[in-house]
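K.L.:
These are the residues of each chain, in order.
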Amino acid sequence: MSMSKGGMPIPGDYFTMGNFACVEGAILAGCRLYAGYPITPSSEIFERASVRFPQVGGNAIEMEDELGSMAALVGGSFAGAKVMTATSGPGFSLMMENIGLAYMMEAPCVLVNVQRAGPSTGVPTLVGQGDMMQAKWGSHGDLETIAYSPSSVQEFFDLTIQAFNSAEKFRTPVFVMADQVVGMMWEKLHIPPAEEIEVVDRQVMEPASKLDKEHPLFDYARDFLPMPIAGMGSRVNVDSLTHDSRGYPSTDHDVSEILNRHLMGKIKNHEKEIWRWEESNLDDAEVAVVSYGSAARSALAAVKNARAKGIKAGLLRLITPWPFPDEIVEKLSRKVSGLVVAEVNYGQMIHPVRENSRCPVVGANWAPGALIEPRAIVDAMQAVVAE
Amino acid sequence: MISPQVKTGGPVVKVQHHVNDEVIRPERLPNIWCPGCGIGIVVGAYVRAIQKSPIARDRQISISGIGCTGRVSGYLNLDSYHTTHGRAIAFATGMAVARPELEITVIAGDGDLGVIGGNHLIHAARRNVDLNVIMVNNFNYGMTGGQHGGTTPLGAKTHTSPYGNVETPFNIPYLVAAAGASFVARWTAMHVRQVTAAISRMMEVKGFAFMEVLSPCPPTFGEFNGYPDPLDMMNYFKDKAVVDNNADLSGIGVTTHPEDSVVVGNFVDRKRPSYQELLGDLRARVSAQGGAKK
Amino acid sequence: MRTTAQVAVQRKEIGPGTITREPINTGKFSKPLARVYIIPERCKECDYCWTFCPNDVLEMSDEINASGYHHPKVKAGKENDCVNCGMCQAVCPEFAIYAKEVA
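Protein chains in written order, with my numbering: chain A, 1401 to 1787; chain B, 157 to 450; chain C, 2 to 104.
Because the hints were derived from the structure by calculation, they are not lab data. Think of the CB as a built atom: it goes at the ideal place given N, C-alpha and C, for glycine as much as any other residue. Among the hints, a few may not be true.
[What the hints assert, rightly or not] Per the computed footprint, the stretches of chain A lying under chain B, defined by three or more beta-carbons under 8 Å from a beta-carbon of chain B, are: (1) 1402-1411; (2) 1479-1492; (3) 1687-1700.
From just these sequences and the hints, can you work out the full model?
P.N.:
Laid out in structure tokens, this is it:
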């Protein structure tokens, strides 16, 4: 059953693939420019965008590499478009340079990372969650990051829309940290009527003729600033260098401090409204699993299996790994006797979990290109309880 | 008729404002460039081309990369973007696709456009993205103190080629023409009127319009290669430039050897559909077919 | 009024026997007269304006600006020789000089 008949997505229930659901969500969020470079296992997103974007008046363009596609997103964003790309590990590495540019220039854009296994080229066709720390720390300098991690086809759709809304509101690059399992899995997708979908649009700066010349162009004391859009007469210099309240490059210590505090603060000051998580069986839990993405599906099975064995287990699923919901984890760690962090890597999100926990924390890690088995998570629960 | 009794030019008049100040950000002057740097001359030419252009000022967009020439954007009273090293053309491509009505000019250096951003350069020329791209070629990496790059002549001395450069440089107009650009020119910082005229033409051209402007870089390239004074390289351009619009591009590599000529001209000006036009056609076709793929 | 050729002969730029061509409608046109304006603080003494002025109107002044650079000045006796060709403005990398026709 066609989800669109060649136009906007049609509300209804469908059986579809995560990567396809992502594109339909992007279209409903208002995205009209895709700048990509093909890479397994994200390529279906690019392919479907190539079919779908021209149908809704948009463009899906192929750049010469991921450096170019990320740079094109920032340019497209300043042209006023909602923009996206999708990639996987090696492409994510190449995008780091201009993710920093988007952050510095405050360009809303959405990057979908359908994570695969291994360092370097790794195993392109198999699942991994090895880019979670790169999402936070990959681009040089101090960046605050917003990242969503979908666990199902439906959530891939929903969080893609949410990612656009956050990008527009916070004027920053936002990541959808999916993985090969979620991207290529086929499941039920419910597309709600458009009027039920919240769509956020950025504030746009006035033309220079209407701006109050007495005030700084960029009032960095405020978290949310209107965006100058190319061709609308705001005549603003937008700079990748550390810049002052007029957009001019500066080496002044105060300028640097003010800009960096603004860029981090606009996310940090609002992290509680960004945080999203899901709790399962935590009410009476004595041990809890912290997980996200496709690994959380194994973790949920592990919780059920553990309960069948008489272990009072629960699950905290991180929907926003970044900004890290530290208070939520801390509160949980005071309630339980141990935490297990289950992820398809050799221990990444375990670090912020451990940093914020008041109880023993162990990892359940398995990343040879396959989902972690529930059995291994149950074993880890037994180990942490014994600690 | 002039009657000198009543009218006289007189001595210089010291003023605060320049006739081109409306297109620049005068509060940021003097600029950061070294005395005699050709980048400022190119900025002047761009500014005067903008003043002459019928295109609405708000639609004129300046995008630059990193390095000495990367600083151009910050001096222009336009919507201006100072992007990452090598990525100015890719950034511009995204902007141009999203808003085809903009008149986007990328001004960046030879290392930026031709080396770290070389892939974006040739692919934008291949796609014939409707952009104006001006490469200020000073034969070395200037901002970082003078290292050799992809345009440094064979044998030239820089801090990273202290015994003479062993790399053969790109012949930039030949490269960009081969990649498919609609317009390709080369002039020098001495050819001030031709540079302005070429920019005016580039703004009219639909498709990838490219100009290389050879520029003096007295302290980091000139110093070690026989052109230490700003005038040395300018006089070299003045004396050895040969205008040949129909030159065989395969033979116009620049050596900077004092005996060798520098071929300049508007070499290529041809009609090819631009990327934006083709994307517009594609969207119209898809729309007419109700979204069908055939 | 003298022709351009007569001026050139007088200046010894060309020999007296040189064949030159004069427009037949010279009388319809007048040689522009322009005044030179500078913004001294922008100057970096690159030498370009006074070197490349086609009428040799400019030279380096003895004055210096805050950065220590000598800015240009009009040569003594050349006050009426600027024809507003625009070369100094175009070749100046600093937006520090321009000429404007005297009204």
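K.L.:
Hint by hint, say whether it matches the structure.
P.N.:
Here is how each hint holds up against the structure:
1. 1402-1411: Holds, because 4 residues of the region 1402-1411 of chain A bring their Cβ atoms closer than 8 Å to Cβ atoms of chain B.
2. 1479-1492: Check passed, 4 qualifying residues.
3. 1687-1700: violated (count 0)
Taken one by one, the earlier hints fail for this structure only at number 3.
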